Amino acid sequence: MKALGFEAPHWLGRKLPFTATPPMKVWADCLAKGTLKLKPGFHTEPSTFQDSCNFIRNAGLFRESRNLLAVVAANYREMNPHGNATYCCGNGGGQALMPEYKQAKLAALKAKAECIRATGARMVVVGCHNCEDGILEAVKTYEVDAKVELLSAYLAEAVDLDD
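Using our numbering, the letters of the sequence shown correspond one by one to residues 1 to 163.
Think of the hints as simulated: they come from the structure by calculation, not from any bench.
It cannot be assumed that every hint is accurate.
[What the hints assert, rightly or not] Each pair of labels, with its calculated beta carbon distance range:
1) D160 - L97: 16 to 26 Å
2) M98 - E143: 16 to 26 Å
3) K102 - C30: 20 to 30 Å
4) T21 - G83: 17 to 27 Å
5) A20 - L97: 20 to 30 Å
6) E114 - E45: 12 to 22 Å
7) Y142 - N67: 27 to 37 Å
8) E45 - P17: 21 to 31 Å
9) L97 - H10: 13 to 23 Å
10) E7 - D29: 20 to 30 Å
This one's a predicted model, so the numbers in the text were calculated from it and none came from an experiment.
From the three backbone atoms N, C-alpha and C, an ideal C-beta is built for every residue, glycine too.
Generate coordinates for the entire structure from the input sequences, incorporating the hints supplied.
Structure representation (C-alpha cells):
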C-alpha cells in the first residue's frame, strides 16, 4: 500500500490513474455508509492498537481506526503514547531485513513492549504486516502476555452476516 499509494507517484513523476486505498479506510468507509455491519463488543479481551507509521502518520487514519475499534472492542485500552506520537514497531523502513541493526531494534522495542504491558491488553491489534512482525518480536522478546492480530482479521471475525 505504501509503495503504491505514497511512493509510486513520486517515482513515476505523475499521479496514478487510480486511488490506492488502505484496507483500514475501506473498512471504515463501509462502516460509515452502513454497508458493513459489525457485532458490537464482539471482542471482549482487553485490547490495544499499534498506530502504524503508514496508516496513522502517512495516511492520517487515526480517527478511522478508533471508529472501527469502538464498535468491536468491548475492552479497548489506549496505548500511551499513541497516534502520531507513538513508538515505532521497529520494522518500518526495512529494519526487518537489516540484521546489522538487530540489537538496536531490540533495544528500541523494549519501550514498545512496556507501553503494551502498561495497558494490560491481551490483544494487540495492528494495521500492517510490518507492525505485526515487529510487535510479535516485541511481545516474544520481552515476554508480554499478549497476542497480535491484523486489524482486517480482527474485524472480519466480528462481521455481522445475520442481517
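Outcome of the hint check:
Checked against the hint of 16 to 26 Å, the pair D160 and L97 fails, with Cβ atoms roughly 39 Å apart. The beta-carbon spacing between M98 and E143, approximately 25 Å, falls within the hinted interval of 16 to 26 Å. Look at K102 against C30: about 39 Å separates their beta carbons, and that is not inside 20 to 30 Å. The hinted window of 17 to 27 Å between T21 and G83 holds, with their beta carbons roughly 21 Å apart.
Hint check: A20 to L97, Cβ distance near 23 Å, so the stated range 20 to 30 Å holds. The supplied range of 12 to 22 Å is met by E114 and E45, whose beta-carbon atoms lie about 20 Å from each other. Distance hint check for Y142 and N67: the Cβ-Cβ separation is about 30 Å, which falls inside the suggested range of 27 to 37 Å. For the pair E45 and P17, the supplied restraint of 21 to 31 Å is violated, since their beta-carbon distance comes to about 43 Å.
Separated by about 22 Å at the C-beta atoms, L97 and H10 satisfy the suggested range of 13 to 23 Å. About 23 Å separates the C-beta atoms of E7 and D29, a value consistent with the hinted range of 20 to 30 Å.
Taken one by one, the earlier hints fail for this structure at numbers 1, 3 and 8, listed in ascending order.
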